[in-house]
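Protein chains: 2
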Amino acid sequence: MFNKRVKIKDLLATDATGQEVTVMGWVRGFRNNQFIALNDGSTNNNLQVVVELGMLDETTLKRITTSASIKVTGEVVPSLGKGQKLELKAKTFEILGDSDAEAYPIQPKKHSLEFLREKAHLRFRTNTFGAVFRVRHTLAFAIHKFFHEKGFVYMHTPIITASDAEGAGEMFRVTTLPFDNPPRNEDGTIDFKEDFFGKSTNLTVSGQLEGELGATAFGEIYTFGPTFRAENSNTARHLAEFWMIEPEMAFCDLEDNMNLAEEFIRYIIKYALDHNREDIEFLAQRLADEEKSLPQDKRSEMGLLEKLDFVVNNQFERITYTEAIDILLQSPAYKKKKFQYDVKWGIDMQSEHERYLVEKHFKKPVIVTNYPKDIKAFYMRVNDDGKTVAAMDILAPGIGEIVGGSQREERLDVLTSRMADMHVPVEELSWYLDTRRFGTVPHAGFGLGFERLVLFVTGMTNIRDVIAFPRTPKNAEF
Amino acid sequence: MFNKRVKIKDLLATDATGQEVTVMGWVRGFRNNQFIALNDGSTNNNLQVVVELGMLDETTLKRITTSASIKVTGEVVPSLGKGQKLELKAKTFEILGDSDAEAYPIQPKKHSLEFLREKAHLRFRTNTFGAVFRVRHTLAFAIHKFFHEKGFVYMHTPIITASDAEGAGEMFRVTTLPFDNPPRNEDGTIDFKEDFFGKSTNLTVSGQLEGELGATAFGEIYTFGPTFRAENSNTARHLAEFWMIEPEMAFCDLEDNMNLAEEFIRYIIKYALDHNREDIEFLAQRLADEEKSLPQDKRSEMGLLEKLDFVVNNQFERITYTEAIDILLQSPAYKKKKFQYDVKWGIDMQSEHERYLVEKHFKKPVIVTNYPKDIKAFYMRVNDDGKTVAAMDILAPGIGEIVGGSQREERLDVLTSRMADMHVPVEELSWYLDTRRFGTVPHAGFGLGFERLVLFVTGMTNIRDVIAFPRTPKNAEF
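Protein chains in written order, with my numbering: chain F, 1 to 478; chain R, 479 to 956.
These aren't lab readings, by the way, just hints derived from the structure by calculation. It is possible that part of the hints are untrue.
[Stated by the list, open to error] Reference listing, derived: stretches of chain F covered by chain R, where coverage requires no fewer than 3 residues with Cβ under 8 Å from a Cβ of chain R:
| id | stretch |
| --- | --- |
| 1 | 91-99 |
| 2 | 235-244 |
[Stated by the list, open to error] Cβ pair distances, simulated, as ranges:
| id | chain 1 | residue 1 | chain 2 | residue 2 | range |
| --- | --- | --- | --- | --- | --- |
| 3 | R | E801 | F | D309 | 55 to 61 Å |
| 4 | F | T60 | R | S895 | 25 to 31 Å |
| 5 | F | G188 | R | K815 | 53 to 59 Å |
| 6 | F | E281 | R | P586 | 38 to 44 Å |
| 7 | R | G781 | F | P178 | 45 to 51 Å |
Quick caveat: nothing in here was measured; it's all calculated off a predicted structure. Don't be surprised by glycine CBs; every beta carbon is placed ideally from N, CA and C.
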């Protein structure tokens with residue numbers, strides 16, 4: 001057994017003064033040939049390890065470089081240094097792995113996020129990314145805990161799918177056919193019957209339709225899995241591969257859906273604040289420092305912690321799409337022709353419109369409901385006005401759309417006629433329609449883009465910085 | 479708000495006698511025009527709803543068919559029926575959705591698992607699959623809880639990857655290039671620079687290598703995500719798309735790794751036994767009934783509950799590969815030439831050999847360690863004998879390999895020379911080797927196939943019956 005160590009987070013959380021412990025980790029700094037800042041990834045707080053002068057020979061001292069790994073056994077003693085209560089007085093010291101300080105790409109200085117993105121395989125070893133990915137972990141756990149405690153069943157909906165009916169975006173093909181000489185039908189088209197699954201298959205864009213199958217059996221289910229878009233969007237908000245959470249609830253209408261989504265978002269943010277306070281404090285400081293270089297009017301009105309506390313403690317604003325359009329039409333921005341895109345009832349609101357509503361007008365998260373049916377998906381429930389659907393989008397300051405959901409159309413006749421109108425193949429989705437044929441129920445659900453949530457909670461601004469190894473156009477490194 | 483209901487599981491767990499409650503669910507049975515067996519997916523236990531004679535008209539009574547959805551408000555009263563403490567005396571009754579009893583594919587009788595596999599979109603509404611997928615949920619939650627409480631960081635390693643270096647199996651190509659007229663280089667080969675990611679990409683076969691990047695920063699991480707094999711294996715144990723859990727731990731050797739894996743498996747099985755007892759009891763009975771039709775010597779020696787309790791309460795057997803081969807060579811099966819494949823040191827043990835060890839010889843889970851290096855992956859740590867590697871496989875009765883893991887080769891020179899021997903491209907994996915260049919540490923990890931675990935815990939025998947929508951050769955329905 002090698003793993004007889006105490007994690008630094010646990011050590012710093014207890015009063016272990018006088019005890020002998022073993023720690024292992026990577027060197028973050030070394031000064032005066034005496035004081036090692038040791039990090040083991042459990043927290044951003046380094047443990048100060050003190051090697052007394054004369055304890056180690058010159059050769060060993062030279063090997064204590066940034067990112068070298070060491071094992072130290074010693075006595076926990078009160079620290080005289082600033083910002084730490086404890087330190088470790090080394091008794092035995094061992095270098096586990098050297099690190100050539102010249103060659104190591106991450107120097108003990110501030111690197112740009114862009115530079116670290118190129119070194120994504122090592123960026124976890126920095127304070128910023130250490131904090132981001134520990135917060136990401138906690139959010140993921142809180143999501144499972146929230147749904148588990150409510151009795152939702154976690155469903156793994158398929159990643160590879162033959163369905164291209166949802167129309168949520170461009171898709172990646174999954175195939176084992178050879179490009180060089182693919183099998184062809186007599187008419188020259190590709191013979192996908194020869195492909196691995198006996199048909200043309202893609203990566204999923206959403207688990208919702210399969211989720212509805214689960215909800216109409218288990219009552220309440222959720223998914224949490226990867227989803228894909230083959231869109232050539234090189235922005236700070238888009239990924240080709242991202243993780244999505246999709247709860248789906250039987251016996252649930254639009255209002256129940258909004259209530260759940262709001263409770264959910266508040267719960268997981270509070271959970272992160274309670275369990276990763278020091279990581280979020282670090283990220284709040286990082287953001288504040290970064291914004292210092294911006295002109296006053298580009299800075300956030302609230303600090304990160306203030307913003308998160310605000311979301312946890314305040315109801316989201318709820319308005320209809322029609323009200324949203326009215327607010328935009330009455331806005332100084334519209335009257336002064338500050339919007340690039342026109343505003344009128346029926347438009348698919350652009351990012352500038354959503355940001356105006358959330359960041360300028362309401363200054364908090366906003367739930368917009370009852371969108372025009374022509375700009376929304378076929379499965380959303382048609383309202384009695386015949387013009388709108390029971391959709392809801394949650395817009396968050398700085399992020400834009402973070403949740404998209406709806407009550408689903410449970411009436412078979414309305415659904416099939418809408419599918420026909422929108423050229424969605426009824427035959428291919430016959431399995432889906434069975435939920436409406438056999439004991440249909442009012443039901444609803446939503447999708448939350450996980451990385452957008454992580455952006456919101458960490459205060460990071462580029463989505464590539466909150467997923468371990470981002471997949472974007474022309475980029476699939478590591 | 480529509481969702482003002484009590485879940486049947488919660489109702490049956492409390493003494494709500496005398497209270498007025500609303501329930502919603504699907505009809506499982508209806509007899510004497512009076513007694514409805516109502517299920518809402520929260521449990522296999524139906525709630526008996528009593529509609530007094532004369533309360534509903536003929537037309538409504540006829541609509542109370544299998545899988546019709548209803549909403550009932552009434553008074554909770556003690557039940558005189560067998561096997562239930564409570565029932566609901568209906569005061570108001572509403573049909574939410576009809577179900578044409580003739581057309582509904584799942585009749586109130588026993589269907590074969592094969593038939594239900596064809597109706598995978600509705601099989602969640604049966605007792606067997608209700609229990610299986612609730613247990614699957616609980617196991618997934620227990621996995622997150624186990625690692626979270628130990629301070630592991632949950633990492634989402636990439637699904638789409640350009641790396642084909644691990645050699646774990648055949649892969650699915652991911653592409654947006656057109657088959658009909660793909661871009662070509664001057665020499666006629668396909669120009670993957672024009673593909674979405676600017677190179678040839680595949681679906682991941684394992685997140686381990688990326689996981690090691692996380693472990694050497696956070697100390698301990700785990701993954702839980704989908705993995706893929708494009709193997710033409712049409713067996714009861716193989717899926718083209720399955721979910722895998724891969725923990726990876728810095729400062730950890732083979733023994734630590736085995737201890738963790740064993741603690742982990744015991745924890746999650748105990749968690750399921752504690753939280754889904756009634757589902758597992760149902761599945762145990764199902765298995766016992768099924769085995770009645772088998773000849774005595776084909777039946778399990780232990781019932782499902784007995785087997786799971788045994789695993790929770792007993793250490794796994796630990797033997798080296800060399801010892802395993804000796805046991806096989808000494809076995810009556812070998813001496814009587816009952817094995818189809820030959821046994822000698824150096825073979826990759828076949829299923830028949832593993833089953834002999836686990837089911838006949840030890841009659842419990844077995845951890846086999848220190849396999850010949852020639853049959854194992856390049857990243858496994860070479861033992862001092864130069865012939866074996868610090869690998870460990872956990873073999874489970876009835877399932878075979880459920881966990882595969884190893885201590886990783888942390889010595890850069892040993893690793894690169896082994897990669898060269900095995901024709902693994904060192905240059906392409908330079909990012910991976912950086913973990914060995916900069917502060918390398920002893921580390922280890924393992925992979926657990928989630929569906930094989932679910933098979934083990936539910937007593938199901940075909941892996942297609944424990945994942946919602948199985949992907950297998952020539953099959954990607956729903």
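Do the hints match the structure? See the list:
no., hint, verdict
1, 91-99, "holds (count 4)"
2, 235-244, "holds (count 3)"
3, R:E801 x F:D309: 55 to 61 Å, "59 Å, holds"
4, F:T60 x R:S895: 25 to 31 Å, "27 Å, holds"
5, F:G188 x R:K815: 53 to 59 Å, "55 Å, holds"
6, F:E281 x R:P586: 38 to 44 Å, "59 Å, violated"
7, R:G781 x F:P178: 45 to 51 Å, "49 Å, holds"
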